[in-house]
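Engineer: The primary structure of each chain is shown beneath.
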Amino acid sequence: MMTEVTQTQEKLNQIEGHGWRLGLGNLLAKENRTWWRSKRWIIQAALWTFILDGLLVLLLFIIPRMVTTDGQPVMPGNTLQSAIQGFFNLSPLALALGIIILAQDIVIGEKQSGTAEWVLSKPASRYAFILTKITANTLVVLITMITIPNLIAYTILWIFKGSVYPIIPFLSASGTVFLHVFFYLTLTIMAGVLASNRSLVLAISLGTLLGGSFLSNIVPALSLATPWMLPEICALIALGEVLPPLLIIPIISTLIWSLVFIFIALWKFQKHEF
Amino acid sequence: MTNRIHDQQASQVSNLLAGGIIVESGNNHDIVSCFSIEKGLITTKALVLFLKKENKFLTTKNNLAIQTHGLSKSFGEVQALRDLDLAVPKNSITGFLGPNGAGKTTAIRLLLGLNQPTAGSGKIFGLDIHHDSEEIRRRTGYLAQEPRFYDDMTAREILRFAARFFFSGPPKGIEDRIDEMLEMVGLVAKADRPIKGFSGGEKQRLGIAQAQINAPELLILDEPAASLDPMGRRDVLQIMERLRGQATVFYSTHILGDVQRVSDQVVILNQGYLVTQGPIELLLGGSDGIVFSLEIQGSTHQAREIITRQPWVTSLDSQVMNGNTLFRVAVNDEEAAEAQLLRLVLADQDLTVLRFGKEKLELEEVFLQLVEGV
Chain A
0 MMTEVTQTQE
10 KLNQIEGHGW
20 RLGLGNLLAK
30 ENRTWWRSKR
40 WIIQAALWTF
50 ILDGLLVLLL
60 FIIPRMVTTD
70 GQPVMPGNTL
80 QSAIQGFFNL
90 SPLALALGII
100 ILAQDIVIGE
110 KQSGTAEWVL
120 SKPASRYAFI
130 LTKITANTLV
140 VLITMITIPN
150 LIAYTILWIF
160 KGSVYPIIPF
170 LSASGTVFLH
180 VFFYLTLTIM
190 AGVLASNRSL
200 VLAISLGTLL
210 GGSFLSNIVP
220 ALSLATPWML
230 PEICALIALG
240 EVLPPLLIIP
250 IISTLIWSLV
260 FIFIALWKFQ
270 KHEF
Chain B
0 MTNRIHDQQA
10 SQVSNLLAGG
20 IIVESGNNHD
30 IVSCFSIEKG
40 LITTKALVLF
50 LKKENKFLTT
60 KNNLAIQTHG
70 LSKSFGEVQA
80 LRDLDLAVPK
90 NSITGFLGPN
100 GAGKTTAIRL
110 LLGLNQPTAG
120 SGKIFGLDIH
130 HDSEEIRRRT
140 GYLAQEPRFY
150 DDMTAREILR
160 FAARFFFSGP
170 PKGIEDRIDE
180 MLEMVGLVAK
190 ADRPIKGFSG
200 GEKQRLGIAQ
210 AQINAPELLI
220 LDEPAASLDP
230 MGRRDVLQIM
240 ERLRGQATVF
250 YSTHILGDVQ
260 RVSDQVVILN
270 QGYLVTQGPI
280 ELLLGGSDGI
290 VFSLEIQGST
300 HQAREIITRQ
310 PWVTSLDSQV
320 MNGNTLFRVA
330 VNDEEAAEAQ
340 LLRLVLADQD
350 LTVLRFGKEK
360 LELEEVFLQL
370 VEGV
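Residue numbers (numbering that gives the first Met the number 0), protein chains in the order written: chain A, 0 to 273; chain B, 0 to 373.
Derived by calculation from the structure, the hints in this document are not laboratory data.
Positions of the beta carbon are idealized from the N, C-alpha and C atoms, including for glycine.
A couple of the hints might just be wrong.
Stated by the list, open to error - Here are some of the chain B residues that sit facing chain A, going by a computed Cβ distance under 10 Å:
| id | residue |
| --- | --- |
| 1 | R108 |
| 2 | Q144 |
| 3 | F164 |
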């Protein structure tokens, strides 16, 4: 038996190399396979299309026709403007909530189940382990949570308006929504590295999301250094408003926070004890 | 104290290592005279006698698969491992024993770089366990105590995933290797079923297959037979036996019978401390060296005098059992004892020897003696 084994091994090309990329390709392929070779991505795309585009349809076609008991319209004013505002105000929050639920188990689940220990007993770097989680899930966010629902949303707007909606503001607003979701993805992954139980991961991520508006009311300056104002900024961008320089700061700070979270996750996971 | 001999010919010059440092060298007699026998441990004397008899060596400096010096690990206030000096020879099958919480899994995780030591150092194939962990993992296979895999993947996908850490191709070669491993552990029929439907024993088999996927030079198995049925256990032992002489197998277990059956070497930990390590034959020989027992019928006065006069006899204990006398004769020259002891006793025509043999302890007895002082 063992002679046969050795003979087989001689035919195989050994993987050489060291450093942070060790095992990266294999881990990324595995993470991607988990999403794209199953129905998970279709379910996610369908779910977010239903929620987000359903909301847009509601705001464009149903609510404007509704009136209060005294005959006043429920949603007065410019329907298109109100619908875009509502869509880009709510979708960052809904998607952030979604990614927190999806990502809360990514790292801590593997730490607790023992699969992380198993993977890292192979020639794979800890950097690669975390980076592939971030990369694969970022791709999932981009495609199933942003691109597909927003492509359909754009089509709906086109149908409603009867002409093409300006593409640049729409794309910029979609990009800002993505940044908002990316912040919560990286925050949740970092919390998964730092925490030892799921409740704590959820508490950190949901606390940041839900406690944000409360905190920024108490300390308004916090809005500039956090993503808490991004939903309003998304709506302004989508409507084609020119952003005052002050409102660029939350976008930059959200990006910086996300990079800091990635750095902390990589650094702490390097020291993680199994 | 644990001692190791570093030499090319046990009958020539030996170096005595303590904690990896040569503390004494010279011929065996000199070394024996330098060190006292410590109760409960494999002693220098017993070790040298064993080496002399077997004409083989415990370790030579370049012949170690695993070597640690003062390896320690604490988790907060809890000291899980204390000053572990391991020396596991290449191509040996080494049983790693100890009660629950002794520090076995901690030691294994330190060796694989999954945890970092609080103090001390370690080498695998001469590579530092901290700095060269990637290269070590490339040459090692590992089975965790409770192996866990991705439940949505099939056994074949798990093995493919594991293989891709070591091999870039060709795909046909990798698939052939996977088939071999599936056949080796008897999972061919379940190869394409998701892991979530697997029993504990099947997961354990898969764990052994994935640990072997890269044909490692060192196989580290943490309780490999724990959740297996008797047939599964037998298969695991057979796999380990097939690897004898080709790879180093370092495995922890509670099944002492298995250790006695397949291991060449034994390491025993207790409460984070190394209690003993060495060849299993030596351990089973007991701490008194080699002991022969004789059950004799008749007057034993003359026989006792003759035996105690022999230069190779170190002690003689006797007790009366059912009207017969049981002699336990400790010797320092096994060959002389084997050749002469029975003849000397039978020279007395008034005696009848009912039973004669060399005493060998069961591993369980030795283990309990060492760990509990029973």
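Engineer: Determine for every hint whether it applies to the structure shown.
Structural biologist: Okay, the hints, checked on the actual structure:
no.: 1; hint: R108; in the structure: 6 Å, holds
no.: 2; hint: Q144; in the structure: 9 Å, holds
no.: 3; hint: F164; in the structure: 4 Å, holds
Comparing the model with each numbered hint stated earlier shows that all of them hold.
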